[in-house]
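Student: Let chain A serve as the given structure and place chain B on it in line with the hints.
Number of protein chains: 2
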Amino acid sequence: MTENIYDVIVLGGGAGGVPAAVRAAQLGGRVAIIECGNMGGQCMNKGCIPFGHMMVASNILGSLTLGKEMGLDVSGISKDYATLINRQDELIDFMRQGVKGTLIKNKVEIIEGRGKLAGKGKVEVNGKTIAYKSIILATGAKWLKPDFPGADLKEVTNTDYLLNEKKLPKRVLLFGGSPWLIEVAQFLHRFDTEVILATEDKSILSDESKAIRSRLTKALKDQGISILTRSEIVSLNKKKGGLHCALRTKDKEETVVVDRVISLRRGAALTELGLETVGLDGKGDFIPVNERMETPVGGIYAMGDLAAPETRHYSHLASQGGIVAAENAMGKASTFDHRTITRVLFTQPQVACIGLTSKEAKQAGYDVVEGAAPLSMNPFGMIISQNEGLVEVVAEKEYGEVLGMHFIGQGACEMAGQAVLAIQMEATLEELAKATFPHPTLSESVAEAARECLGRPIYLP
Amino acid sequence: MTENIYDVIVLGGGAGGVPAAVRAAQLGGRVAIIECGNMGGQCMNKGCIPFGHMMVASNILGSLTLGKEMGLDVSGISKDYATLINRQDELIDFMRQGVKGTLIKNKVEIIEGRGKLAGKGKVEVNGKTIAYKSIILATGAKWLKPDFPGADLKEVTNTDYLLNEKKLPKRVLLFGGSPWLIEVAQFLHRFDTEVILATEDKSILSDESKAIRSRLTKALKDQGISILTRSEIVSLNKKKGGLHCALRTKDKEETVVVDRVISLRRGAALTELGLETVGLDGKGDFIPVNERMETPVGGIYAMGDLAAPETRHYSHLASQGGIVAAENAMGKASTFDHRTITRVLFTQPQVACIGLTSKEAKQAGYDVVEGAAPLSMNPFGMIISQNEGLVEVVAEKEYGEVLGMHFIGQGACEMAGQAVLAIQMEATLEELAKATFPHPTLSESVAEAARECLGRPIYLP
Numbered sequence: 000m001t002e003n004i005y006d007v008i009v010l011g012g013g014a015g016g017v018p019a020a021v022r023a024a025q026l027g028g029r030v031a032i033i034e035c036g037n038m039g040g041q042c043m044n045k046g047c048i049p050f051g052h053m054m055v056a057s058n059i060l061g062s063l064t065l066g067k068e069m070g071l072d073v074s075g076i077s078k079d080y081a082t083l084i085n086r087q088d089e090l091i092d093f094m095r096q097g098v099k100g101t102l103i104k105n106k107v108e109i110i111e112g113r114g115k116l117a118g119k120g121k122v123e124v125n126g127k128t129i130a131y132k133s134i135i136l137a138t139g140a141k142w143l144k145p146d147f148p149g150a151d152l153k154e155v156t157n158t159d160y161l162l163n164e165k166k167l168p169k170r171v172l173l174f175g176g177s178p179w180l181i182e183v184a185q186f187l188h189r190f191d192t193e194v195i196l197a198t199e200d201k202s203i204l205s206d207e208s209k210a211i212r213s214r215l216t217k218a219l220k221d222q223g224i225s226i227l228t229r230s231e232i233v234s235l236n237k238k239k240g241g242l243h244c245a246l247r248t249k250d251k252e253e254t255v256v257v258d259r260v261i262s263l264r265r266g267a268a269l270t271e272l273g274l275e276t277v278g279l280d281g282k283g284d285f286i287p288v289n290e291r292m293e294t295p296v297g298g299i300y301a302m303g304d305l306a307a308p309e310t311r312h313y314s315h316l317a318s319q320g321g322i323v324a325a326e327n328a329m330g331k332a333s334t335f336d337h338r339t340i341t342r343v344l345f346t347q348p349q350v351a352c353i354g355l356t357s358k359e360a361k362q363a364g365y366d367v368v369e370g371a372a373p374l375s376m377n378p379f380g381m382i383i384s385q386n387e388g389l390v391e392v393v394a395e396k397e398y399g400e401v402l403g404m405h406f407i408g409q410g411a412c413e414m415a416g417q418a419v420l421a422i423q424m425e426a427t428l429e430e431l432a433k434a435t436f437p438h439p440t441l442s443e444s445v446a447e448a449a450r451e452c453l454g455r456p457i458y459l460p
Numbered sequence: 000m001t002e003n004i005y006d007v008i009v010l011g012g013g014a015g016g017v018p019a020a021v022r023a024a025q026l027g028g029r030v031a032i033i034e035c036g037n038m039g040g041q042c043m044n045k046g047c048i049p050f051g052h053m054m055v056a057s058n059i060l061g062s063l064t065l066g067k068e069m070g071l072d073v074s075g076i077s078k079d080y081a082t083l084i085n086r087q088d089e090l091i092d093f094m095r096q097g098v099k100g101t102l103i104k105n106k107v108e109i110i111e112g113r114g115k116l117a118g119k120g121k122v123e124v125n126g127k128t129i130a131y132k133s134i135i136l137a138t139g140a141k142w143l144k145p146d147f148p149g150a151d152l153k154e155v156t157n158t159d160y161l162l163n164e165k166k167l168p169k170r171v172l173l174f175g176g177s178p179w180l181i182e183v184a185q186f187l188h189r190f191d192t193e194v195i196l197a198t199e200d201k202s203i204l205s206d207e208s209k210a211i212r213s214r215l216t217k218a219l220k221d222q223g224i225s226i227l228t229r230s231e232i233v234s235l236n237k238k239k240g241g242l243h244c245a246l247r248t249k250d251k252e253e254t255v256v257v258d259r260v261i262s263l264r265r266g267a268a269l270t271e272l273g274l275e276t277v278g279l280d281g282k283g284d285f286i287p288v289n290e291r292m293e294t295p296v297g298g299i300y301a302m303g304d305l306a307a308p309e310t311r312h313y314s315h316l317a318s319q320g321g322i323v324a325a326e327n328a329m330g331k332a333s334t335f336d337h338r339t340i341t342r343v344l345f346t347q348p349q350v351a352c353i354g355l356t357s358k359e360a361k362q363a364g365y366d367v368v369e370g371a372a373p374l375s376m377n378p379f380g381m382i383i384s385q386n387e388g389l390v391e392v393v394a395e396k397e398y399g400e401v402l403g404m405h406f407i408g409q410g411a412c413e414m415a416g417q418a419v420l421a422i423q424m425e426a427t428l429e430e431l432a433k434a435t436f437p438h439p440t441l442s443e444s445v446a447e448a449a450r451e452c453l454g455r456p457i458y459l460p
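Residue numbers (numbering that gives the first Met the number 0), protein chains in the order written: chain A, 0 to 460; chain B, 0 to 460.
Misleading hints may appear alongside valid ones.
Because identical chains share one entry, a pair is satisfied inside a single copy or across any pair of copies.
Under the rule of at most 25 Å between Cα atoms (straight-line distance), these lysine to any residue pairs were calculated in the SDA-like manner [unchecked claim]: (1) 78 - 65; (2) 104 - 433; (3) 104 - 453; (4) 433 - 338; (5) 249 - 176; (6) 104 - 37; (7) 237 - 227; (8) 119 - 334; (9) 217 - 90; (10) 67 - 88; (11) 141 - 276; (12) 331 - 400; (13) 220 - 376; (14) 78 - 64; (15) 67 - 78; (16) 209 - 453; (17) 433 - 293; (18) 106 - 453; (19) 144 - 159; (20) 106 - 121; (21) 396 - 424; (22) 209 - 361; (23) 358 - 424; (24) 127 - 278; (25) 165 - 70; (26) 433 - 399; (27) 106 - 455; (28) 115 - 5; (29) 78 - 61.
Honestly, the hints are just simulated from the structure, not real lab data.
This is chain A alone, in the form it adopts within the complex (with noise of 0.2 Å):
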């Protein structure tokens, strides 16, 4: 009965698993999808969709203020909430069913279902068990209840519940150190929440460099939006008037009162999969994968949000190892590549962050250089009054190997592809400071912070 046995079951059908299945398919493969919800996962149902599409609405209100300064004057705007969600559930829709329709023009059979592993080689799904050959984990991760106190109440939520209100709540206090957290924070600042943003870590992004950190922070503060550091939830009761919060900082204890309070805490979808009926292990955090994003478990794939630390539960991050899985699934030999990852913020101004950062770079053993190009020395950053802007180059120093580039200023995690190209193509910094960028545009302190490092800018004081 081999014509029941598919060469790849790809379980989950989000960010990482529909280019799975599709590359498999592409591949020659005789493919499945097992998905369960909306077809597109937490990226495009919960996730980067809907909240870019806020972001772009958030990001055309901030740039009336440098149009102000440019002679366009609004006498009054008003901000429509319902819709605003209209417009993306519809474009959500739309989306979905491209999706659909790229799995079926590449073959790709879809199962509405939940899928659990059911012992090497099947997998149950509505009552049946199917064969395979090889299979792809592709779930993805799930929110956790935060570990404060009174995250029981139900005002204690996370994203999920901006997506079904047609009106926003008027003070929300967003808690944790999820990149996300600060998109959210300046959305809802934009169409007038009072929020404050709180991160029990030393600053906000704070895996990220030095200049990246400080340069986001005081551009958000500059905004108008309240940053609390290595800052705890002592107690959060529901009172008369709101939620009472005491939050304590490395300065002061204080009550701020809010109506509901956002937490991001996500981890990877173990539990349900049946991952004890194959050997693996579902105790972690996550699900280790080699580079071929192989499980200790022959045939068993794993990639995304469910292989990842939460620090790197980005959808890019999934479709590279969904694709890699998939060709490896399939005889091809694909390695995913850990140089490029990528770190991105939607906000305004942007920030992506791609490779290392000098201080991984030192800890990796590499002898370092940096190099940076403000953007306020950019003429284009001039004209759009990119004040935080920077261009960041980390290189090794002997060859001059570019292994981080970090960007903050508009249109950044579009910049973020020329760093992508130049690590995964080896560029040398000197490669990058004879770069010919369009002029003018902010491209061009890429090549001004790769001559930065080699001790020779063209135009920097």
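Tutor: Structure of chain B alone, referenced to chain A:
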């Protein structure tokens, strides 16, 4: 008197001259730069910077259309052109100071005056003769009188006119093939001037690919901009009510009444340079140079608008040329990278075309493979309604070497940087196809367009 001999004299302090002077000084040369007008040249004073600034204002206005779809309703907007001009004048003044500071920091001597070649190894300025080992000619381009009837009328003008006004004209005919005219047309239209954009060519951006041309045309027409192609000014007369302009197109002849006609005909500033004193021919349209930016006369270099046909009048090409000339003048071996020549347009949508079109690649003898990814299929493109957006890739078939990339859409001029690096680094389609660009960005379509070239797109229908 060797102490009075400069290693390098740079004639002209614009987008090409300034980096040339700085680079020559960095390499240890005794360097002077001679400029008779404002430091920064056409680009900074009357070109890229002021019009870049105006396009930003224009794009903010344009983004309100998307904002409205997203529930952001602006009840009244006033457009104060005088404020816009004042802001950019201040900005340009600041930039000029910056350029002077950079030159001084690098120990470049600044000579204010009109320099002129006075035989080999000598240049005259302010009545004195100074000696050099090498000279870099960087005097750029100047306005040429248009060649249509009525061109002598004072209402026939160029973009300098717009920079000196506090109010915009009501009705303008923009005539010619310059890409810059397209930017000005959109800007004026957004600032409520009635515009007609007319060209003798078969299309706007007539040298670019059909997809880019047709998509840009559609976008502009949808915005309400009148575009006439294969058109000719038959007559132009000043009458009551304005300038009466008889325009002949393929189909018909019509008379339009406008207040101003703007033409952007420019040519290399060859006269008054004293080229004849060193045996250089100033009769052509520009000074021919080799890939080292050397003129036929030893020790004399030229670049930028002075050494290029009008379709290559881009500041970033002047800057690269200046650096290449300076390095060669100082004894290094440096060449201009023609492969990454980038043509940009800061309209909404932006256009950026890098390297070869498919037609050019075929003419150059390549076996060509092409692929495109519409931004209307890109998740972020859907969010921001990039209906006309596209990424096109042109590659050589056997090895998949990327030869050209063309972008239309938001941020195209920044995304261009990826194409510059890809072509410079000799990236193949396989390499582009696996590049992991962050999600959700338009850059993701770069990888998808490469996969489309390879016959295996992941997301395209």
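Student: Each hint should be assessed against the structure and marked as holding or not.
Tutor: These are the hints, each one checked on the structure:
no., hint, in the structure
1, 78 - 65, "both (19 Å within a copy, 13 Å between copies)"
2, 104 - 433, "between (43 Å within a copy, 21 Å between copies)"
3, 104 - 453, "between (50 Å within a copy, 17 Å between copies)"
4, 433 - 338, "both (23 Å within a copy, 13 Å between copies)"
5, 249 - 176, "within (17 Å within a copy, 63 Å between copies)"
6, 104 - 37, "within (19 Å within a copy, 60 Å between copies)"
7, 237 - 227, "within (22 Å within a copy, 67 Å between copies)"
8, 119 - 334, "within (24 Å within a copy, 60 Å between copies)"
9, 217 - 90, "between (34 Å within a copy, 23 Å between copies)"
10, 67 - 88, "between (32 Å within a copy, 16 Å between copies)"
11, 141 - 276, "within (21 Å within a copy, 77 Å between copies)"
12, 331 - 400, "between (29 Å within a copy, 22 Å between copies)"
13, 220 - 376, "within (22 Å within a copy, 36 Å between copies)"
14, 78 - 64, "both (16 Å within a copy, 14 Å between copies)"
15, 67 - 78, "both (18 Å within a copy, 9 Å between copies)"
16, 209 - 453, "within (21 Å within a copy, 41 Å between copies)"
17, 433 - 293, "between (40 Å within a copy, 19 Å between copies)"
18, 106 - 453, "between (52 Å within a copy, 19 Å between copies)"
19, 144 - 159, "within (14 Å within a copy, 62 Å between copies)"
20, 106 - 121, "within (21 Å within a copy, 74 Å between copies)"
21, 396 - 424, "both (17 Å within a copy, 20 Å between copies)"
22, 209 - 361, "within (15 Å within a copy, 49 Å between copies)"
23, 358 - 424, "within (22 Å within a copy, 27 Å between copies)"
24, 127 - 278, "within (21 Å within a copy, 88 Å between copies)"
25, 165 - 70, "between (34 Å within a copy, 12 Å between copies)"
26, 433 - 399, "both (13 Å within a copy, 24 Å between copies)"
27, 106 - 455, "between (55 Å within a copy, 13 Å between copies)"
28, 115 - 5, "within (15 Å within a copy, 78 Å between copies)"
29, 78 - 61, "both (13 Å within a copy, 18 Å between copies)"
Checked against the numbered hints given earlier, this structure breaks none of them.
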